[in-house]
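J.: Build out the structure end to end from the sequences listed, making use of the hints.
This is what each chain is made of:
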Amino acid sequence: MDLTTSERTRLAGTETQPGAVAHTIAGSQRNPAPPLPDKPLVTIEPSKSWVALGLREVWRYRELLYFLTWRDVKVRYKQTALGAAWAILQPLLTMLIFTLFFGNLAGIGNRTDGIPYPIFAYAGLLIWTFFANAVTNSGNSLVGSANLITKIYFPRMIIPGAAVGAGLVDFAIAFLILCGLMVYYHIAVRWSILMLPVLLALTTLLALSVGMWMSALNVKYRDIRYALPFLIQLWMFISAVIYPSSMVGGKLRIALMLNPVAGIIENFRACLFGTAFDWTALAVSVIVTLVLLVYSAYSFRRMERTFADIV
Amino acid sequence: MKPIIKADKLGKEYKLGTRDAAYSTVRETLVGWARAPLDLLRGGRKGTQTVWALRDVSFEINPGEVVGIIGRNGAGKSTLLKLLSRITEPTVGRAELYGRVGSLLEVGTGFHPELSGRENIYLNGSILGMSRAEIESKFDEIVAFAEVEKFLDTPVKRYSSGMYVRLAFAVAAHLEPEILVVDEVLAVGDHAFQQKCLNKMQDVSAHGRTVLFVSHNMGAISRLCQRCILLDQGRILDIGPTSKVVQTYMTSGLVQRSEYLQASEPSKEMNLRRVALVGASDQQLKSEIAYHEGFRFLIEYEVQGPVSGVSVSIVLYTVDGTCAFVSADTDRHDELLETRAPGHYRSSVLIPAEWLNIGRYTVSVTLSSAARSGVVYDDVEALVFNVVDTGSPGSRHGIERKGVLQPILNWTNSPVGT
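Residue numbers (this note's numbering), protein chains in the order written: chain C, 1 to 311; chain P, 1001 to 1418.
It is worth saying that the hints were derived from the structure and are not from the lab.
Some clues are possibly wrong.
With the C-beta cut set under 7 Å, the calculated list includes, among others, these residues of chain P facing chain C [to be verified]:
#1 K1002
#2 T1091
#3 A1095
#4 L1105
#5 G1110
#6 S1131
#7 R1132
#8 E1134
#9 L1316
Derived list of chain C stretches under chain P, where covered just means 3 residues or more per stretch with a C-beta under 8 Å from a C-beta of chain P [to be verified]:
#10 75-87
#11 142-152
Glycine included, every Cβ here is placed at the ideal spot set by N, Cα and C.
T.: What follows is the structure in structure tokens.
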């Protein structure tokens, strides 16, 4: 094991006061002990106001991320009567409702670039449902894991991370329905499908940054729990999930595309149905996501040290 | 020898009340901001009160040592463990650890009731910091240690509390960090398993690993630990060989309790509510008891669901952790071993006058299965009291008599004809 950067800086920053006399426990040594490293593996100190991201530590605990994700998925499917069907029902039923009520409206149904409205809506809802659930679950994840936080140490980012990870499993299941719909509507798979992993990764990172940030705020301000579902709902309407973004014109469209989710959804459809990619919107999504990710990771790390005391 | 843990003036300050209602709502924070300037005008903020849970704690621990941390509730023991296991940050000071730390502050952290025993072993192991390969290589050992082979694929919510604790401890016991930090986790589980846990912890230190162990059980502390740290009000009061520190603790007047109360816990089938020291006419006594007076331990407990085969027992210890005796309500009443219906019960046991020697005693009350390897519902060090000299036979000659007891027995004397 090695020192993290933050531990190095902290080591350099403080010196043991010479005046401090420690109580020494002179050990009666009966057993061979493994040789000790020269430098402490861990230094425990009050942290400075800006802390390193500690990504190396997160990497060391990557198996925990896997197990917590696996737990979230497993428990949800064990506790619910319908199990994995929930992952499908949510986007599917929403799609049916929207198809019934909006699909035949001239404004929407005719402006989907020739894509049948049900599959057009389902594709949008699929990626949106993943995003919305991932943000909601990870936003509530820290508060829900109070028992872990107060009893054991590990990089706290793992908790919101696992909640997002569990969402990916649901996404994979619901994706099967999309495949079925594509066969049904005779939509051929094109080369553009290769963009799918990129878009999915982008969505995951975006959900992680929003979720992580919300989860940290939620520890301090329990308002988040109530505000989050409302916020997510509003967000859906400005994300071109169930309508084509081409319906929005002029300046409003620019505003729409500043929303990173809108850019993702638009391009997600493009990669599935072979319509034209909107590279500008994608670039905006990437930039917004990265900025958000860095900001929320740092702010998470800054709030992290008080989690165990106030959660 | 180079220490494996070096703590230097560690301190942890909590804002008062933070433990209960630390989190705020946005509205409160906004109101707070708005008020802050006003408060300043009025002459300083309405002092946010703080309390130092830990202050100026410095010590060094050598590799391979088992060190006990003792002290009253609220003395800062758990805070110290939390700092060392990096769950929370110190406010001041610094500690250096020259080894991996595994902490066991609670049995079964992260166990999920819906998951099976097998699944929980993996989950809990990885939460405690084991790699998947490590868990796999120790899987069979863990299962054997916990004695749950048959129930591996049963969700742990169907486990008895004993099985649950066994499994949880088994996972933790197979952690192999250089430093193991253990909070009071041995309070539950059956006797045989408690012994097994204590042995396992001795094993751990025999392999050159360092153990920090918090407990109220002076017997376990005396058995396991070579050294002890005594904390009081967040500061180190004494540090050194276990027997000396335990003696300091027991005689310092830090512990003295003539009544023990415990909240009702509906999830437990049986639980202790109150233990008290009472005199002849049920009046509550202080923790000073006259040698020439008899007294009783009054024990109140609740039975939530019908239990059978259980007994209520007391264990009396002297200051150095020696067990003086054990006595159970079922000793002379076999009928009590049958099912006890739900309800609130009160038992008492008489300790005769002129019987216990002068000195300080602790009494533990155990609600458990009477059989050797049954469930322990409760096991608490309930009372600490002194028997004060009011004219014991020894004192009449200015002698401190040895022994746990100083009974006045019936002697016969008669001249034997020559």
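J.: So, for every hint listed, does it hold in this structure?
T.: Here is what the structure says about each hint:
{"no.": "1", "hint": "K1002", "verdict": "6 Å, holds"}
{"no.": "2", "hint": "T1091", "verdict": "6 Å, holds"}
{"no.": "3", "hint": "A1095", "verdict": "4 Å, holds"}
{"no.": "4", "hint": "L1105", "verdict": "5 Å, holds"}
{"no.": "5", "hint": "G1110", "verdict": "5 Å, holds"}
{"no.": "6", "hint": "S1131", "verdict": "6 Å, holds"}
{"no.": "7", "hint": "R1132", "verdict": "5 Å, holds"}
{"no.": "8", "hint": "E1134", "verdict": "10 Å, violated"}
{"no.": "9", "hint": "L1316", "verdict": "30 Å, violated"}
{"no.": "10", "hint": "75-87", "verdict": "holds (count 3)"}
{"no.": "11", "hint": "142-152", "verdict": "holds (count 6)"}
When each numbered hint is compared with the structure, violations occur for hints 8 and 9.
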